[in-house]
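J.: In case you want the letters, here they are:
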Amino acid sequence: MTAPDAAGARASGGRLSRLVIAGATAACLAGYILIYATGRAGPPIRSDGFSYYVYLPSWFLYHDPSLSAVARDCCGGTFPDYTAIIRWPGTRRWVNAHPIGVAVLQSPFFLAAHALTRWTNLSPDGFTLYYQHGAGLAGLAWTVLGLIVLRRLLRRHFTDRVTAATLATILLGTNLYHYATYDSSYSHAYSFCLIALFLYLSEQWHESPTVARSIGVGLVAGLIVLTRHTNALVLVCLPLYGVTGRSSLIARTGQLRRDWRRGAVAVVTAALVIAPQLAIYYQATGQPIVSAYGSLGFDLRHPHLLEVLFGVRKGLFFWSPVLLLACAGLVWLWRTGHPARGFIAGAAVFLTADAYLIASWWDWQFGGSFGHRGFTDALPLFAIGLAGFLTWSGRRRGTAALAAVAATMVICLSLVQMLQYWNGVLPFSDTTWEQYRAVFLKLR
Amino acid sequence: MTTIQPADEPGRAQTRRWIARGAALALSVAALAGALAYLRDPPWLLHYTSGLRGWEIAADGTRVRSAGPHASLFVPADAREVRLRLRTTFEPPEDGPIVISIALDDVPAERVVLSGPGWREAAIRLPPAGTRRVRRLDLRADRARDGNRAFQLGEVTLDPAR
Numbered sequence: 000m001t002a003p004d005a006a007g008a009r010a011s012g013g014r015l016s017r018l019v020i021a022g023a024t025a026a027c028l029a030g031y032i033l034i035y036a037t038g039r040a041g042p043p044i045r046s047d048g049f050s051y052y053v054y055l056p057s058w059f060l061y062h063d064p065s066l067s068a069v070a071r072d073c074c075g076g077t078f079p080d081y082t083a084i085i086r087w088p089g090t091r092r093w094v095n096a097h098p099i100g101v102a103v104l105q106s107p108f109f110l111a112a113h114a115l116t117r118w119t120n121l122s123p124d125g126f127t128l129y130y131q132h133g134a135g136l137a138g139l140a141w142t143v144l145g146l147i148v149l150r151r152l153l154r155r156h157f158t159d160r161v162t163a164a165t166l167a168t169i170l171l172g173t174n175l176y177h178y179a180t181y182d183s184s185y186s187h188a189y190s191f192c193l194i195a196l197f198l199y200l201s202e203q204w205h206e207s208p209t210v211a212r213s214i215g216v217g218l219v220a221g222l223i224v225l226t227r228h229t230n231a232l233v234l235v236c237l238p239l240y241g242v243t244g245r246s247s248l249i250a251r252t253g254q255l256r257r258d259w260r261r262g263a264v265a266v267v268t269a270a271l272v273i274a275p276q277l278a279i280y281y282q283a284t285g286q287p288i289v290s291a292y293g294s295l296g297f298d299l300r301h302p303h304l305l306e307v308l309f310g311v312r313k314g315l316f317f318w319s320p321v322l323l324l325a326c327a328g329l330v331w332l333w334r335t336g337h338p339a340r341g342f343i344a345g346a347a348v349f350l351t352a353d354a355y356l357i358a359s360w361w362d363w364q365f366g367g368s369f370g371h372r373g374f375t376d377a378l379p380l381f382a383i384g385l386a387g388f389l390t391w392s393g394r395r396r397g398t399a400a401l402a403a404v405a406a407t408m409v410i411c412l413s414l415v416q417m418l419q420y421w422n423g424v425l426p427f428s429d430t431t432w433e434q435y436r437a438v439f440l441k442l443r
Numbered sequence: 000m001t002t003i004q005p006a007d008e009p010g011r012a013q014t015r016r017w018i019a020r021g022a023a024l025a026l027s028v029a030a031l032a033g034a035l036a037y038l039r040d041p042p043w044l045l046h047y048t049s050g051l052r053g054w055e056i057a058a059d060g061t062r063v064r065s066a067g068p069h070a071s072l073f074v075p076a077d078a079r080e081v082r083l084r085l086r087t088t089f090e091p092p093e094d095g096p097i098v099i100s101i102a103l104d105d106v107p108a109e110r111v112v113l114s115g116p117g118w119r120e121a122a123i124r125l126p127p128a129g130t131r132r133v134r135r136l137d138l139r140a141d142r143a144r145d146g147n148r149a150f151q152l153g154e155v156t157l158d159p160a161r
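Same order as they appear, the protein sequences are chains A and B. 132 is the number that numbering that gives the first Met the number 0 gives to position 133 of the first sequence; each next residue is one higher, with no gaps. 59 is the number that numbering that gives the first Met the number 0 gives to position 60 of the second sequence; each next residue is one higher, with no gaps.
Among the hints, a few may not be true.
Stated by the list, open to error - Restraint ranges, calculated between C-beta atoms of paired labels, are given here:
{"hint": "1", "chain 1": "A", "residue 1": "Ala-21", "chain 2": "B", "residue 2": "Glu-80", "range": "19 to 29 Å"}
{"hint": "2", "chain 1": "B", "residue 1": "Val-106", "chain 2": "A", "residue 2": "Thr-77", "range": "21 to 31 Å"}
{"hint": "3", "chain 1": "B", "residue 1": "Arg-15", "chain 2": "A", "residue 2": "Gly-12", "range": "42 to 52 Å"}
{"hint": "4", "chain 1": "B", "residue 1": "Trp-43", "chain 2": "A", "residue 2": "Arg-443", "range": "56 to 66 Å"}
{"hint": "5", "chain 1": "B", "residue 1": "Pro-96", "chain 2": "A", "residue 2": "Gly-293", "range": "31 to 41 Å"}
{"hint": "6", "chain 1": "A", "residue 1": "Gly-293", "chain 2": "B", "residue 2": "Asp-158", "range": "49 to 59 Å"}
{"hint": "7", "chain 1": "B", "residue 1": "Trp-43", "chain 2": "A", "residue 2": "Arg-260", "range": "52 to 62 Å"}
{"hint": "8", "chain 1": "B", "residue 1": "Arg-119", "chain 2": "A", "residue 2": "Thr-77", "range": "41 to 51 Å"}
{"hint": "9", "chain 1": "A", "residue 1": "Asp-362", "chain 2": "B", "residue 2": "Trp-118", "range": "53 to 63 Å"}
Just so you know, the hints here were simulated from the structure itself, not pulled from any lab data. We treat Cβ as the ideally placed atom computed from N, Cα and C, and that holds for glycine.
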């Protein structure tokens with residue numbers, strides 16, 4: 000942040016960005032109520048959301064971590080194909096392709112829903128009314144928490160106005176709002192929050208690597224892996240923080256060597272958090288590390304990079320064009336030596352590897368989704384770039400106005416397209432250019 | 000000469016803040032208590048079911064709802080008896096009878112064996128209402144067939160009728 004920027008940030012006291020957080024919370028709640036009051040979506044625990052959630056009734060109600068008892072009660076003994084919960088060849092035990100992280104983060108909401116279910120005398124089977132909305136509102140709450148953490152992170156480097164505009168644009172100009180409301184039981188809202196928290200703690204850890212901060216970083220790192228295994232890639236942002244060239248890379252390596260004890264505390268904490276997942280895999284398959292998707296996997300030799308980034312089917316920049324501005328902002332931050340530059344090396348490595356991995360997945364569209372949900376988790380890093388872009392554009396009145404108009408237009412486009420998706424106008428997957436053109440801006 | 004003492008402004012502001020916080024806390028507790036009182040056996044439970052699909056007209060003209068292996072529904076607590084008509088989903092049953100266990104507020108109440116395509120009726124006597132306004136019936140089948148269908152439920156009748 001430049002000196003005048005910093006002075007402006009202090010003067011405004013963060014009121015505008017706080018207002019945006021309050022507005023975002025209200026907007027998410029309003030969207031959630033609209034979706035379920037008008038029957039735009041089925042019960043929140045559905046599709047992938049079912050598989051992420053199913054551990055909770057299994058642990059707390061059926062006291063059976065093998066998932067067999069809940070399978071009998073909900074589904075007649077066999078989980079439906081869409082759940083990706085398969086019987087492991089050899090052991091015949093259930094293996095869930097979706098790890099336990101989301102369930103762990105949903106558990107406070109689940110326990111509150113269970114107490115209320117008992118009080119009202121609804122069936123305590125894990126799938127009645129309060130459990131459904133406990134799981135649905137959990138995703139919403141973690142998104143809001145993610146925005147709060149992101150605000151604190153951005154406020155360290157950018158003005159309050161830039162922070163406020165960035166938060167609003169990231170929520171409404173991408174598919175984050177969709178994953179906070181319509182598909183809030185999926186993992187993306189949780190990963191968004193955890194990655195924001197990880198970036199925030201990483202920066203603090205490098206400022207002063209105390210034992211408490213090491214435990215905090217390790218805890219969040221473990222939860223990131225527990226929520227979505229491939230997001231382990233984002234952990235490179237910790238050692239790469241502050242790396243801006245060869246000399247800083249050497250300095251960072253030296254610092255990590257000197258602080259190895261604190262680093263070990265973080266690693267051990269993360270390992271302890273991940274251990275229950277390995278125990279579950281071991282109990283089900285006889286091996287602690289498995290590909291829980293069975294025969295489905297990555298084809299690293301044939302990535303669909305162009306389609307994943309620009310294609311009409313689920314292309315990241317096709318459906319969230321505002322992220323192009325974020326990429327421009329990341330480049331600007333790198334070139335100008337802005338204090339937020341410390342994040343860029345990690346962001347570049349993670350986003351590149353993540354895009355390659357997503358593009359190599361057998362179903363690179365990630366099934367039914369609004370926009371490409373594989374990238375929703377990484378939005379905190381895009382937010383830093385977007386804040387950089389808004390800072391650059393705010394330096395001249397003409398570019399500021401142009402950026403405001405462009406951002407408003409892509410936000411409106413994104414919201415209209417999201418409503419199209421909610422109304423069933425846009426297909427859940429495999430959208431063609433002809434289909435896209437035929438329904439462009441049509442809500443019904 | 001009389002001197003005017005400066006008012007104890009910080010003290011008053013502090014008191015006002017405490018009063019406002021106390022009022023907000025009292026309001027929150029009252030709202031929570033009201034919500035909990037409403038959610039104890041709320042009237043909408045009588046229209047709430049889980050594990051049951053929508054009503055459909057079967058080939059024999061009866062109104063039925065298909066169920067998975069677990070369904071629940073609610074009846075008024077002041078009824079003396081509730082009668083449930085049940086049958087298996089597919090005929091002829093290809094793999095032996097299906098057993099339906101019925102529980103009233105989590106207490107086992109009845110077991111029905113569905114071994115043929117016809118309707119079976121289960122009559123459940125309800126204990127005195129006590130403080131409850133509605134009672135929950137859980138129906139659990141010992142297995143489900145294709146499409147997660149275990150049994151069908153016909154019209155539920157109450158004694159005394161209402």
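J.: State for each hint whether it applies.
T.: Going down the list of hints, with the structure as the test:
1. A/Ala-21 / B/Glu-80: 19 to 29 Å: violated, 54 Å
2. B/Val-106 / A/Thr-77: 21 to 31 Å: At 29 Å between Cβs, range holds.
3. B/Arg-15 / A/Gly-12: 42 to 52 Å: For B/Arg-15 and A/Gly-12 the Cβ distance comes to about 22 Å; the hint is violated.
4. B/Trp-43 / A/Arg-443: 56 to 66 Å: Since B/Trp-43 and A/Arg-443 have Cβ atoms about 31 Å apart, the given range 56 to 66 Å is violated.
5. B/Pro-96 / A/Gly-293: 31 to 41 Å: Given about 35 Å between the Cβ atoms, the range holds.
6. A/Gly-293 / B/Asp-158: 49 to 59 Å: holds, 53 Å
7. B/Trp-43 / A/Arg-260: 52 to 62 Å: Holds, since B/Trp-43 and A/Arg-260 (Cβ atoms, about 58 Å apart) stay within the stated range.
8. B/Arg-119 / A/Thr-77: 41 to 51 Å: Hint violated: Cβ distance 26 Å, outside 41 to 51 Å.
9. A/Asp-362 / B/Trp-118: 53 to 63 Å: violated, 45 Å
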